[in-house]
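Join the two chains into one complex using the hints; note that each chain is given alone, in its own frame.
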Amino acid sequence: MALPKSFQDVILRLQSYWASVGCAILQPYDAEVGAGTFHPATCLRALGPRPWAVAYVQPSRRPTDGRYGDNPNRLQHYYQFQVLMKPSPADFQDLYLGSLMAIGIDMNLHDIRFVEDDWESPTLGAWGLGWEVWCDGMEVSQFTYFQQVGGHDCKPVSGELTYGLERLAMYVLDVDHVMDMPFNDPKASVPLTYGDIFRQAEQEFSHYNFDQANIASLKRHFEDAEAECAALLDTISHEDDSEEPTILAHPAYDQCIKASHLFNLLDARGAISVTARQAYIGRVRNLAKQCADAFLATEACQEPVSGSTA
Amino acid sequence: MTASYELLVELLSEEIPAALQRKAAEDFKHLMTSKIADARLTYETASAFATPRRLTLVIKGLLAKSPIVREERRGPRADAPQQAIDGFLRAQGLTIDEVEIRDTPKGRVLFACKELEGRSATEIVGQALTETIRNFPWPKSMRWGSHELRWIRPLHRILCILSDGEATKVVPVNIEGLIAQDCTVGHSSMSPEEFAVSCFDDYQEKLKQAYVILDPDKRAEKISVDAVKLASSANAELINDRTLLAEVAGLVEWPVVMMGTIASEYLSLPAEVMRTTMRTHQKFFSACDPKTKQIKKFIVVANRETPDQGATILAGNKRVVAARLADAEFFWQEDLRVVESDMKGWFEEIETVIFHDELGTQGERVRRITALAMLFAHQIAGADPKQAEDAAKIAKVDLMSKMVNEFPELQGIMGGNYAKHAGYSAPICAAVRDHYSPLGPLDKVPSEPLTISVGLADKLDVLAGFWAINKKPSGGGDPFALRRAALGVIRLVLENRISIALRPLINMAFSFHFGQSTDVPDSEEIETFADSWFDLTSSEQPNSVIDASHLNPTIARGLNPDPLVEEQSQDLMTFLHERLKVYLRGEKVRHDVIDACLTTSKSDDLVKLVSRTRALAELMKTEEGENLIQGFKRANNILTQAEEQDGQRYSAEVNKTLINTEAERALVAALSASEQAINQAIDRADFFTAMRTMGALRQPIDAFFDNVMVNTECLKTRQNRLSLLAWICQTCSRLADLSRIEG
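Protein sequences, first through last, are from chains A and B.
Residue numbers 0 to 309, in numbering that gives the first Met the number 0, belong to the letters of the first sequence in order.
Residue numbers 0 to 742, in numbering that gives the first Met the number 0, belong to the letters of the second sequence in order.
Hints were generated in silico from the structure; no laboratory data involved.
The structure presented is a predicted model; accordingly, all values stated were derived computationally and were not measured.
Ideal Cβ placement from N, Cα and C applies to all residues, glycine included.
It cannot be assumed that every hint is accurate.
Claimed, not checked - Capping the alpha-carbon separation at 25 Å, the derived lysine-lysine pairs in BS3-like fashion look like this:
1) K154/A to K139/B
2) K288/A to K139/B
3) K401/B to K282/B
Stated by the list, open to error - Simulated coverage check for chain B against chain A, where a stretch passes if three residues somewhere in it have a Cβ under 8 Å from a Cβ of chain A:
4) 15-26
5) 303-310
6) 318-330
To be verified - To give a feel for the contact side, a few chain B residues facing chain A, derived at Cβ under 8 Å:
7) K139
8) W143
9) G144
10) V184
11) S188
12) K207
13) L250
14) V299
15) T688
In isolation and in its complexed conformation, chain B is listed as follows (with noise of 0.2 Å):
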């Protein structure tokens, strides 16, 4: 038999909520095919469908009966006691007839041989779908009526038959009285009737006069581009929102997409607000003017068609925006009557509202958050540590007005729209805005000094704060999302080239969170030291201690961190390490060249650490960086490997006059003048010429090897000769602990 047959299933079930659909889809192919090849049958193509009543797949190509399988199993000797020979006979249900003795190299030995059936396509197919059924993979599943049967809601119909071109066969499924047919219904409302299919070209034809549209792509696109063309012919451009596509695509069969105004009254709210309104509550989109970006058209996608051209629909629609947009309005003039009395209410309030059980009130963050904006402000360039301060200030109010009460998605842009009303300045609006950025890998990185300033004092207070009550981030459980807040710092820093030490600024981050929240500096006393701040932190002296008897306490104990803040921002700084690890790695950047740079260089300044991570990923694709390798290992162990032999270490101190060979001397001239350049080269944090220029080592090195015994009999030689492989690993190890790369 050379027929191939389709495979067609629908399962027809009351509304699926839209998110799950697709995975729903994905998963019921992967299943069956699985279990249909399991069983050995082979199929060409597959592929699932989702609507929100409907599950289907169809598998092409499918074998009509699965190949007769030979199975063989050895068994014991010929010459075996009878005891395990009728063992084996028993457990393979055969006689001692019906098995074969052949001549091995271990002797005469029993076989059992059988030959497994084909089974029929139908077989398989039933038993795969009922198996599916029964264990189908839904996040929460639920039970209706009096059945056992689990599904995301009732399960109604199944549809599962087999054509082979000509005869159409319902495959016999029965599962707690559902028993699969040939037959389907359309649109729930439009076009309720039953109808039969042949194959899956019938049924999705058949379908589409019933007003279902199978594929989920094509109802996207047909809202998309009916979308993008009724925006356009009232001149406005429709907002583009993927998520929302997908969601709305799942919650129609029938797409028919309508476009209404947005009533005049309205006009006025930000458009970030409109847009939030009705995507959340309505699942609208957006369409603006080309030019103003103001919003003035909604697009709603219904799921049919009506004898009056949804004029029903449509009004219905309006009269709902409407007055989800009255409520807007009514929060959004609320808020503005706050902001016009320059927001007194909010700065009470904030005083008031607990942000965290053990980190005391917002208004407490919100000082602390400023302090810590002005002293990056002061490091950053082009950001006025003024104006960090306004921002910092503001930056917090928005959560205590009622918009964003209401739609808490909206904070920071809320407060930006309300710091522009109270006539602050664009950089500050922005920071204000944007300074919760970026909130994931994918967000876009802000790029202004101000927003940088407030994002990271914004980040770093958080980060210190669960730290100081030791709620870190353990497995998979991060309820205060700080693995996104350590991204962000990394983010921030990187995308930006923020080349600063972090650790004089998360000690202080500490500091204000172990003093009393009355300790926290203003303003005034963070400008007494900062200015000089730089100076004194910088990195030539990290451990000096510096003299703050005359500065605020807390600053003192950042400045001078005390055992308790050493360790805590030790700690916190190792997670970023590690999470910088993370970030590093979805960069493609190998993960053992990132561990070579960290165990030399555990330095605070991510961009620096980064930038050597980088040069020497790149010198490892070159042959002298691979070369060089080689040779530094070779190095490393013959030099450990006496120092653990010998019970001493050996320094790099050459004695010249030891030196007989051109190799040596050779090796010692590139030593000398290549340990220099590539000091300079990192002091410049140019990492890029101290890789190359030590990658230049690696011709001197071969040679020395391709030359010279090192362990020679004369012991003051081969002193001197160890002391020069120390004098390679210390000159390496000055940019990375090469022996940490692998292969």
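Isolated chain A (complex conformation) (with noise of 0.2 Å):
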């Protein structure tokens, strides 16, 4: 197969691929989120028996990370390319290994290993076992069988692949610097490089991670967030009997993924303590504990009525 011209087209490769599988191509969600697994996608719909299969690129904010561009392949947003699959296929690892193939990686040519690393999400209450993927001793993919969401045993158990796609391209495109690759065909005509779309956003991001974000509303944005998911979650048990309930379980996890990202932010600003640290996930963890449970209530995730129609 020949290898991919652009950023673009490393993307287009692993939809098209995923989807000649049978995983639904999502679109992003639209709100800042730490990694693909926070996409209520994979995060919620990890939970409950019902069978899911997903694939979608999401955009991903580190603001720590930031480099003012800088830095060959550290950044503050950047992509990930994430499958989440449940029941996990007994050929996962197969079905993974075809997708390097679609990008233009020849498995006889090249070394892939998984390499153990068990997967952990404090802030998500969350962990799996699986592996790092190497390619020549490059780190190309996380590899995860989820075991809990939220503080809740997955059943059945998820897997899910998460590409840093960046980095991956890079590797099969052969560019050192991040901001050299191509992000369409350099045969465009309109070529555009990484850095021609990014670099920019990227300086003017690093100053407002580091420097200017105003950490008083960070912080009271913070507590907003909290406080309205709580509350929104709070509404179930107050309904009145009339009608059934509407659980708010997607409302009530935005506000947790924006908390999340707050906290974030108040980190690269270095308005947390060592301390404090800990506090502050352990509240994200809560509310996203809390969302886990009341998603677990809804439609979502009760047994499939087969053959049957409301």
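Below, the structure written as structure tokens:
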């Protein structure tokens, strides 16, 4: 198979590949998140008994990783490609290897290794076992079998794949600095590099994240998001009995995501001491846990009823 | 049936973490063989192997069927109440005609005799395997898909066959739809096809043809041999790394060793940095120039052969290592910039970084360590207090460096490198580099006097600090590695024969922690008293109050410890003694011998304490020693009994005029002579002579007991003889509490 020519080519190939094996190709979630795992299509849908199979690109924000666009592979805004299949298929490893072939990695020439790396997200109350996948010594993906999310056992278990798209594409395209990577076809009428598109934003956001973000208002926003999340979940128990209460799991979870991102900003801003850090993480985890509890009570988490219509 | 079986089991899963494989293979063997043995199926040999994807077990010489067993149960007497007889029959599931009635000395008794049919190997193995898989002791296991089964990673295949040399049969096992077969697959990418096997030899051979080396030792050996060969082909020397070798052997089924050259722009990096970068991030081995020890090659172990002879794999790895070394080079250059500005940035930063919430900043810690290091240097031959000051002041600056932030395991090593760049003398660089050592019971103990001084200061400060805030190790919990620090103190002192009193220094360490941080004495204040300090604290007058009115109050408090310092310091000394016991037990010294010496001497000079212990251990190995103990115990018992009975203590004052036997006279003469000799030997810390002298008392003591009655009619004589016993006890007790010796 011919090698991809650009960053977007890698993305498009991953999307077509996972579509071809039966995944729904979703679009990014429209909220600031630290990783593709935070997308409700992963974090919430990994819960409950119903089968699920999705793949999507998720822009991810890690404020502390900003390097003003200078570092060859560190960015405060980058892309993850995320796959979630529930239950994890028996040939999940083979499906994954197929995706590497789809982006031009010749399995006969490369050394693919599954190196132990257990995954844990303290803010999501989630953990799983798996590996980081190495291609010729380079980490190209995280491969995880979810065991718990929001403190709940995953039954069935979801298989999750996360590709760090920039790093993977740089490897496949043989580029040393992320900003030099062709974003579209270099022969296109308007050839654009990754730097053309993101360098300025990386510089601006690095300044914002490290120096300018208003600590007091960030703290306030955090409190607000936390309160809103709790309030939304609280309506469940106070709704009057006349009709079934609508559980607002998704709106509440949006607030949880917000709180998590605000915490990351505060962290980058150096506004959180070592001891306070644990407390903040605990607060976000508590929200995630409650959202997971609420989501489990919704329609999406009931046993699928076959052959009947309401 | 005499034929014996060979059992072969393979459990094939997704990649098992390398660190767990060896233990898993052992557990697999242990669980299976014990279950099989419990079912009375005997076997000759069992071996287990692990690869990244397989756990394999082979058991040879297995019985085809477990032997018939006759089981006999004794019941009630034949004339027992009907109720008892019925109960027995019901429990055994027998009728009255099916039980035997035998004559016994207790009358006629019912016996239920059953013959248990032997069970087939197939049945026993099937059950054992099912139970083993369901209850495998993985430290952390997982579920996958919709299965309830737990394994380390998804379990995909079970191979389970019994063969008798002619025929092979599959043992029926079905775990959640996973059905045992007689086939497996080869290497995941080079030979993924399924193939059937008939026995272990066939299995191992076919695996090899399918690019899998089953035995981890053989994989490790191949890696090791090929790596050495490759390195020497490039005039380089492979740096041995057993831990890495074991890990890498657990990451590959078909090891292919390749070597690459490190780009010249990174050759200025310190060897340890290069090695750690490549080892931690890439699991590469390093090879160095045999003369300069500069690392120039990396050795990578791939898991496959390729049509391009590994060119793509090597190129990819080279790129990754170049990026990693570029990171390291960046850190190194950034750090050197700080070094060249006299480490100014780090000295400032160290004042702001918290060491521990309750123990202040790293800067405060460094001042305490500096003061202690100088005090140690004053007492350790060959250590210069000025150098100790310099070394201690920069001992922790590398914690502020970018490199140590990235690779915490390089602490100390980087410090040594930075010190060298800053132009410090070789002993100072060595002290900075090695002051954390020894890190465990097997780690090398530094022998440079300066390094010892800084190392002891560092460890005492950390011990006193966590003692002061009551974060002592408890049970299994020791989050601050204080046991390791204590062992470090013990090994530094003993293995370098540093014979010094530790208590005054421990007192000082506590005083530094209890006062205001600004009160920690600076080097000038240390010098004002340190020279005369050794005399002041000589063990002759341990409790004398020292005039410290003109000194810094923290020093004064250390010199004349108040009750708080005294109590904490005593407690820490007890902890050190406890750890010393553990250390000595590891050295195969009998625990009662250690106890006997520790009861007599709570010495804070560990070298003397251990010398005493070893001397007693030596004496105990001789016939004389053994007998002396018996003599001492006899004397001690008679004396104690008499003292209890008479309600008084007998002094060792013997009235020579009341002596009227030859044996008594000989004993008195021996005691007078040896008491003096023992005291002199103790003063010289010559415990071997002292113990030998004590051992020589055995003969006169034995002769005394053979010929003399202690409890005679004549009260005065009895009293005098009891005093003689008291004298024996007192003399021996100068050396050790022999009543603690067992047996």
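Hint check results:
no., hint, in the structure
1, K154/A to K139/B, "18 Å, holds"
2, K288/A to K139/B, "23 Å, holds"
3, K401/B to K282/B, "22 Å, holds"
4, 15-26, "holds (count 3)"
5, 303-310, "holds (count 4)"
6, 318-330, "holds (count 4)"
7, K139, "7 Å, holds"
8, W143, "5 Å, holds"
9, G144, "4 Å, holds"
10, V184, "12 Å, violated"
11, S188, "6 Å, holds"
12, K207, "20 Å, violated"
13, L250, "6 Å, holds"
14, V299, "7 Å, holds"
15, T688, "57 Å, violated"
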